[in-house]
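Colleague: Sequence:
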Amino acid sequence: MTGKILAACIILAALIAGGSIYYLQVYAYYTTVAVHGSEDVMLTAQASGQPEAITYRDFQAIDSDSSPIRYRGCFTTTQSLEALAQSYLVIKKAEPRVAPGWFSCFDADRIGAALESGDAMAFMGTENIRYGIDRIVAVEPDGTGHVWHRINRCGKIVFAGRTAPSDCPEPPESN
Numbered sequence: 005m006t007g008k009i010l011a012a013c014i015i016l017a018a019l020i021a022g023g024s025i026y027y028l029q030v031y032a033y034y035t036t037v038a039v040h041g042s043e044d045v046m047l048t049a050q051a052s053g054q055p056e057a058i059t060y061r062d063f064q065a066i067d068s069d070s071s072p073i074r075y076r077g078c079f080t081t082t083q084s085l086e087a088l089a090q091s092y093l094v095i096k097k098a099e100p101r102v103a104p105g106w107f108s109c110f111d112a113d114r115i116g117a118a119l120e121s122g123d124a125m126a127f128m129g130t131e132n133i134r135y136g137i138d139r140i141v142a143v144e145p146d147g148t149g150h151v152w153h154r155i156n157r158c159g160k161i162v163f164a165g166r167t168a169p170s171d172c173p174e175p176p177e178s179n
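In our numbering, each number is its position in the sequence shown, counted from 1, plus 4.
Calculated from the structure, these hints are not laboratory results. Incorrect hints may have been included.
Unchecked claim - With a straight-line Cα cutoff of 16 angstroms, these simulated EDC-like cross-link-like pairs (lysine to aspartate or glutamate) come out:
(1) Lys96 / Asp123
(2) Lys96 / Glu120
(3) Lys160 / Asp113
(4) Lys160 / Glu144
(5) Lys160 / Glu174
(6) Lys96 / Glu43
(7) Lys97 / Asp113
(8) Lys97 / Asp62
(9) Lys97 / Asp67
(10) Lys97 / Glu120
(11) Lys96 / Glu144
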């Protein structure tokens, strides 16, 4: 009888721990990003190399303080892909990061397939939005847009504990 009680306690503890870990990973650390109205979606201009706001609507985004690459966003724009490609820096290789299932506007598999097939186009949003992190923006022909963060080349090197190359910005002081 004592063995059954002990086994039940172990199983119950494992279920509680598993449920807690799942909740923490999928829900707990995400917050809704406040909409600023004009600077939520920015693309890097080819001419100046500086991020510029584009016209958009229906913006929604989530983020997390626990990781700089948990940012995901969705929007729509009336600007055509052709016009965007003529004015803004196009990214050839962009892989969207998976979002929690409850953030239904961001389907990384669908976005990735559209980018790979050429149906969507990716742009540099803001380089080094935080040290070593770039904001990437993808736009589909119907104006549906998606935003996420990725670790850039300098970030990969510095975050691995190595010295930043001379062509990278100076890394921030470590804690």
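Colleague: Next step is simple, just say for each hint if it's right about the structure.
Modeller: Evaluation of the provided hints:
no., hint, result
1, Lys96 / Asp123, "holds, 13 angstroms"
2, Lys96 / Glu120, "holds, 9 angstroms"
3, Lys160 / Asp113, "violated, 24 angstroms"
4, Lys160 / Glu144, "violated, 28 angstroms"
5, Lys160 / Glu174, "holds, 14 angstroms"
6, Lys96 / Glu43, "violated, 24 angstroms"
7, Lys97 / Asp113, "holds, 15 angstroms"
8, Lys97 / Asp62, "violated, 26 angstroms"
9, Lys97 / Asp67, "violated, 23 angstroms"
10, Lys97 / Glu120, "holds, 9 angstroms"
11, Lys96 / Glu144, "holds, 15 angstroms"
In summary, the structure is inconsistent with hints 3, 4, 6, 8 and 9 from the numbered list given earlier, while agreeing with the others.
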